[in-house]
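Those protein sequence lines, which keep their order, are chains S and D.
1 is the number of the first residue of the first sequence in the working numbering; add one for each residue after it.
225 is the number of the first residue of the second sequence in the working numbering; add one for each residue after it.
Just so you know, these hints were derived from the structure itself, not from any lab.
In this text, a Cβ means the ideal position worked out from N, Cα and C, and glycines have one as well.
Be aware that a few hints might be false.
Pair by pair, the computed Cβ-Cβ distance ranges are [stated by the list, open to error]:
1. S:R135 - D:A334: 52 to 62 Å
2. D:D308 - S:N56: 49 to 59 Å
3. D:K319 - S:N56: 30 to 40 Å
4. S:Q175 - D:E320: 51 to 61 Å
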Amino acid sequence: MIVSVLSPKGGCGKSTATLTLASVFAKNEDLSIAIVDADPRQSIARVWLGKRNEENLGDAPFKVISDPSDSTILDTLESAGDDHDLVFVDLEGVAGLMASYAASASDLCIVPMRPSALDGDAAGAALKMIRDAGRAARRTVPARILVTQTDAAIVTTSHKELLAELDGAGVERLQTELMRRAPFERVMAEGRTLFELQDSQSVKSAISNTARLGKELAEILEAQ
Amino acid sequence: MAGTFLNLSDDDQEEPQVPKIGAGLKRKKKSSRPRADAEAVAAAGRANGFNRSTDTAQPSSAPRRGRPPLNEDMTYWRIYVSSDLRNQLNELRDKEGRRLNDVLADMLVAYQNGKVT
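The following block holds chain S by itself, in its conformation from the complex (with noise of 0.2 Å):
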């Protein structure tokens, strides 16, 4: 199955995302798992892997396929789907033409947003465009949104706006949030995945928060 993390706007934790869910599903060593880095930046398989390397981590726990090309991702993403039990895409926080690509060979779509109306606006033009998409592809792709990036103590006034607005206009969202903490900035940092991290209270508590999203997401994939 196929699941790309995608969104117009940068920063809202889309390689983030990839990289934690991957990893949580990893762990179960029945699965076979890849991310696809469609980002030009290769965020993951440049900048993290190239950072797991200088360290000496070892190989990763999932596969990573470089592809940031239009003109070769349908091909890639066929390939990985048919390698691979389970594939996150990683794309690149603009408005592309890989993402239309990435989207309509999806299973499921993954938008991330922080609780902002920009990210709000990214995340709307993002659902249409992932709708249209699956038009295009005579099927419909299912999206989810991730509200990413969340403060762990307290739900902020544009926070709760923010799922009312969801909500009210029926706008399917994951239940977990994605929240703010700093093991997952050190996961990109250090090139490791949550559980390489050095043990603390807090990569406990972003460990439990990913779980918990893995959770969530498998049950929504094993359902389809």
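For this one, chain S is given, so just place chain D on it according to the hints.
Frame of chain S, contents of chain D only:
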């Protein structure tokens, strides 16, 4: 209303539990859906403003002006020049399609060649 604004649950104190999630995915048959028509998908993307391409920009004989084509290997650099020089550079760009980048590249090559000889 207690707990509406403040999340006072003890979630953060829980031990992380990472069950083997996704076991059902292994049992799922891989769907063999037909490949989507790439042109139709691209058109759907463009209709929603998702139009940025990763394809390499093709050289064009038309005068180049404004921002460089996307994906051209360039970076943003702000410089100050006299307005007269700017007018001359703009004229060169409009007449011959040579941008400031091209002029600077020529200057650098000329400087380096002059240094060697």
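Status of the hints after comparison with the structure:
{"no.": "1", "hint": "S:R135 - D:A334: 52 to 62 Å", "verdict": "holds, 56 Å"}
{"no.": "2", "hint": "D:D308 - S:N56: 49 to 59 Å", "verdict": "holds, 57 Å"}
{"no.": "3", "hint": "D:K319 - S:N56: 30 to 40 Å", "verdict": "violated, 56 Å"}
{"no.": "4", "hint": "S:Q175 - D:E320: 51 to 61 Å", "verdict": "holds, 60 Å"}
In this structure, the one hint that does not hold is number 3.
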